[in-house]
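There are 6 protein chains.
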Amino acid sequence: MRLHLSTWQEVETYLQTSKAILIPIGSTEQHGPNGLIGTDALCPEIIGGLAAESGLLMAPTFNIGVAQHHMEFPGSMTLRPSTFIATMVDWVDSLAKHGFTHFYWLNGHGGNIATINAGFAEIYASRSLDTGNGRTPIRCKLRNWWQGKETYEKCKALYGKAHGAHATPSEVAVTQFAYPDHIKTAPLSPEIAPSGGYTDARDYRARFPDGRIGSNPALATPEDGELLAKLAAKEVTADFERFAAEQ
Amino acid sequence: MRLHLSTWQEVETYLQTSKAILIPIGSTEQHGPNGLIGTDALCPEIIGGLAAESGLLMAPTFNIGVAQHHMEFPGSMTLRPSTFIATMVDWVDSLAKHGFTHFYWLNGHGGNIATINAGFAEIYASRSLDTGNGRTPIRCKLRNWWQGKETYEKCKALYGKAHGAHATPSEVAVTQFAYPDHIKTAPLSPEIAPSGGYTDARDYRARFPDGRIGSNPALATPEDGELLAKLAAKEVTADFERFAAEQ
Amino acid sequence: MRLHLSTWQEVETYLQTSKAILIPIGSTEQHGPNGLIGTDALCPEIIGGLAAESGLLMAPTFNIGVAQHHMEFPGSMTLRPSTFIATMVDWVDSLAKHGFTHFYWLNGHGGNIATINAGFAEIYASRSLDTGNGRTPIRCKLRNWWQGKETYEKCKALYGKAHGAHATPSEVAVTQFAYPDHIKTAPLSPEIAPSGGYTDARDYRARFPDGRIGSNPALATPEDGELLAKLAAKEVTADFERFAAEQ
Amino acid sequence: MRLHLSTWQEVETYLQTSKAILIPIGSTEQHGPNGLIGTDALCPEIIGGLAAESGLLMAPTFNIGVAQHHMEFPGSMTLRPSTFIATMVDWVDSLAKHGFTHFYWLNGHGGNIATINAGFAEIYASRSLDTGNGRTPIRCKLRNWWQGKETYEKCKALYGKAHGAHATPSEVAVTQFAYPDHIKTAPLSPEIAPSGGYTDARDYRARFPDGRIGSNPALATPEDGELLAKLAAKEVTADFERFAAEQ
Amino acid sequence: MRLHLSTWQEVETYLQTSKAILIPIGSTEQHGPNGLIGTDALCPEIIGGLAAESGLLMAPTFNIGVAQHHMEFPGSMTLRPSTFIATMVDWVDSLAKHGFTHFYWLNGHGGNIATINAGFAEIYASRSLDTGNGRTPIRCKLRNWWQGKETYEKCKALYGKAHGAHATPSEVAVTQFAYPDHIKTAPLSPEIAPSGGYTDARDYRARFPDGRIGSNPALATPEDGELLAKLAAKEVTADFERFAAEQ
Amino acid sequence: MRLHLSTWQEVETYLQTSKAILIPIGSTEQHGPNGLIGTDALCPEIIGGLAAESGLLMAPTFNIGVAQHHMEFPGSMTLRPSTFIATMVDWVDSLAKHGFTHFYWLNGHGGNIATINAGFAEIYASRSLDTGNGRTPIRCKLRNWWQGKETYEKCKALYGKAHGAHATPSEVAVTQFAYPDHIKTAPLSPEIAPSGGYTDARDYRARFPDGRIGSNPALATPEDGELLAKLAAKEVTADFERFAAEQ
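Protein chains in written order, with this note's numbering: chain A, 2 to 248; chain B, 2 to 248; chain C, 2 to 248; chain D, 2 to 248; chain E, 2 to 248; chain F, 2 to 248.
Next comes chain A alone, as it looks inside the complex (with noise of 0.2 Å):
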């Protein structure tokens, strides 16, 4: 069930049942000479898509994320951590006026890890020093698509030491299933791109010239992505409905 292809009255039967919401959340940047730029965003977007077909809840896409980093390539975008927090805030504040106590975050990019818990924290404070009772406690949790046990054991059988950290075949897979129109090649030098840390973006793009970092994203394949997509969003599934039932 989604959000966007819902009536009010809908959300509002669902509510009687259920107060969890899974939400997307991606960026959209650089994913090398053969990533999508939406890949981030598209992963959640895609397997929180299959999660729904359960019946859950999935919210819109929080599309742009945290990746300074990735400003030195064209397409990338970012919001200011601040403006990014600010924005969590607001998105839970509309949906709990509605009745909603938990907040699954589906992620699509390692660099919004901080910032969520981040934004987690500023939720939750507007709660912790209010002396008052005023306000219904909510739960929060991030869940990076990736990281069911049997999803990311498959990402290393397929790809092992080429899977990476940016750019990695397994979401450039995964884009692939789902816009088998959309599959881009380009030549790949190294194959295995570099691996290391960065600072701002003009120190991540003299580090990772053609925006990857650590994998062959040429090994990915729309069979692969199809797998690895309906394998977490199993796992995304059974994760939710563990959540929704937290007291």
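Hints are not guaranteed to be accurate.
Distance windows between CB atoms, simulated [to be verified]:
| hint | chain 1 | residue 1 | chain 2 | residue 2 | range |
| --- | --- | --- | --- | --- | --- |
| 1 | E | 190 | D | 162 | 56 to 64 Å |
| 2 | E | 187 | F | 100 | 19 to 27 Å |
| 3 | F | 148 | A | 14 | 48 to 56 Å |
| 4 | B | 138 | C | 231 | 38 to 46 Å |
What the hints contain is simulated information worked out from the structure, not anything from laboratory work. The structure displayed is predicted, hence computed values, not measured ones. We put the beta carbon where it would ideally sit given N, CA and C, even for glycine.
Using the hints provided, position chains B, C, D, E and F relative to the given structure of chain A.
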């Protein structure tokens, strides 16, 4: 051409011939008993997507708008205008970094218009108050998807006084065209909803009990939606091209 | 009745019969070679002041507006829209504390309209997102001083196509009526200024070299100004009363 | 010379010989049973206006101050200090854009002093933290209208220990001089109000039931007001000229 | 009793008999050739620490102040006043949550005074603008460590006109007493530094080349420091107790 | 070398050979029945202080962290993450002004990690979004005091599964070493506290009634603390030197 479905090298190539980008901007809010909560985000995304087939570049969708007045209806979401403006600034700062100079905001929500224009002033102010020459001038334009002359007249011809102001048959039709599996039916009483103004969410709900304003969205058909979407896309494409050529 | 010229006990008494207040809101920006920089703040203050003779309460003037586009002309001032909105919030929070519930913003600057409406949404949002019942509902209304039917038609009758969009003869006339010692004369070339849109301050100045848009303010006379000011005050008073009675 | 009553060309001419501007800054808050709510904004405006007859340029009045402690008295208004500072930044950024370098803030409200100085530090910080050379240095000065030696001694000579700290006879007198049609009378009991400190608005009202602190404003006369206003204007003019010449 | 060296149960016990807390607040900025950069934070921490031996509770030190004017001297740090105020709000909100109602800010930096008072107004404003009864009233007090009558007179007796205004011998002495291993010597020329005002950091450095204002800190001795610190602690303790008893 | 105990000339000299600075960053929050509220700020200050004996420069301690979850325990303090980030920005802007380019944040609080990383992204974003060349690149590194290999293994060897996650015996031991006069004893029941996750402060207190998570801090001794502090200091010093040499 869609930013999310492109690589950074494709965007780099695009920038060699155009510095203009289309940004669909909408809202996530109730649209009455048979309208989708995503209607206002989906319409510019659908129409922008058709326009993007001409080769212009479409950004991801800015999908949460200014919708405080809908907050008494489950599923509605809103940004505070101050958050909305901060987010617009980050989007433009990101894209301007790559050399984009022309920002064409294709809007699907009347309630966004004021704050989008306030956002433009915030963005321009950072340049107008700058005594140096450090920042490249940019241009922003707001365009509602329904404001093309032919589109607007077709809406009137199809629905007349049943078109209304919120949860209109035209916008519902466009979503029916794009999401035929999510066409909703529900009894509407009265057939044409009441009209008028409103202030906050409680006031809105008291005046418009099922969420519609002045409309009869039962008149929507997917066939109308296709016609309207294609007409709007044609007009938007032409308007975008004129804008992209402005100095 | 003017807030600035009243005691707190007089305001306390006023609140026993009315919860409505008129707030003149304008801008401080160039108005061409013969228009005063204060024109857009002075006009609502002048007209609001005439209306206040009927007994309604007028707040002090919100005198700096959103005028980034005028910043290449000496003496122009602007608030960033985000500051403008924060200020509106504080004004309303202050007055609402005393029991005011109806806020009638009498505006003198077209460039403020979008941000005033964004400010309304910010103010309402704090109530619409509040799950408790802690905050009293309030109502805001934006009224441009020239939008009364009779006033608007008189402007057209007096100046026709020379009325224009910025530094109009009508607003210059109103200030000439109120400040007869500060009537300015200056050669205007061309007589009727060019028309069109603009983006930031550099763009504005390039298109409108002397600051006017589409107007011939040499047509202004203090006699016209008196007529227009009184007509507008009459219409504003009636409109304010209707608004004050709204539930 | 008043900014609001000048054209942009007149300001351009002024800037050829002076980069200094006087900004009246006050507050909108109760001033006891016979003092006007606008007293603290009107006094610097009146005195600044007399000073401006000498040819110095006076900006519009910054008319809402930091007055949280008066909020239990109807009609009082306040900016939060954070909003107040943001507004000061925008005023200075606007005027500095045109080449103004010397900002003389003529203050009418003791409660503003701390936050005006905090605002100066905010403005200077943007320059002091700038490692480049991009921003022109500017100078700010705070001057209370009553702090000239002769003015201050005249206040003491006229009212002695009945001068007090809020709703003083001197400030009431200045408004009586300028607004003779709005002279208020009201019984004051006790004649001289109590003195002391305060915290928030509830605390203030409990300690100072009619709003005055330590004063007997029944002593005010319009004749005293004229004398004080002219004396203050003379001293302010001389002080402004010294400041304008500072490097 | 020091918050940092206590357990939460000890604080819980303290709150049974007192709701007051002492917060040392200072700055991190150059203090001339022989003064420590931490001087303004260390002095209130040292004196507050002595006072805390009497049993009052001392918070950790608010150690970065408003010091934009020192930014041309290596090692100086500053908060923007807006950040400073936001931080004060969080400190008070945190401690008020536990039931603290009396906040005694023991200050070591003249440049903080304005912004601390602005911070108080920000904190009070959140209560004064609140129409409900939700927030407990609190009281804040600013006390400079040197402002006790005996302390101040001792400073004058010891150093006379060589005391000056920045990098004073008294504050240097207090740090020499507490950090005898970090006593610095350096030639001072002239012996007594120049006096006067300043604006931003460039202006400050041009006027006060070695950082001092009006002082001869070569006069400082650790013996004087001990005497001053103990005197100040005695006066602070008594003043704190009076404050803690205020209603 | 400690910033607070140095003169500006000493910092100027330091900058001739190093552009790197160590910033201790912690938190002020309950640490169970026998842990000090200052533990998380004291540990990096103690260990950083030992490291600073090698000649590296240590800033003052950033002593209030993100600790909203501890707010139901008296004495705990928190910054909202948005305030925390704004403060980090000011610290870095200040020190970067003097030429520092390498910022080594020695952290003592797990709850800070996400927001510190978000702060890094905020700081880098101001550079990554800058199309000009105005700002010097800087590098930030987060290091938890316990994460050196030897230190971490020593913690495990000493305490095994009684080490836990909050109010650990290792951090308590380090403070016992440094503050032997403030060693606390208290009955702990159960000996090893429960483990698990948490959301806001009410949730935390319900799950962890005495404040500890998974630890038995009764195992701490000052001797262990000395050993751990010195081990950590050794590893931190080496790590700092590697970082300072990074390009």
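Results for each hint:
Here the CB-CB span from residue 190 of chain E to residue 162 of chain D is close to 49 Å, at odds with the stated 56 to 64 Å. In this structure the supplied range 19 to 27 Å holds for residue 187 of chain E paired with residue 100 of chain F, their Cβ-Cβ distance being about 22 Å. Roughly 49 Å separates the CB atoms of residue 148 of chain F and residue 14 of chain A, a value that falls within the hinted 48 to 56 Å. Taking the beta carbon of each, residue 138 of chain B and residue 231 of chain C are about 43 Å apart, inside 38 to 46 Å as hinted.
Hint 1 from the list above is the single one not met by this structure.
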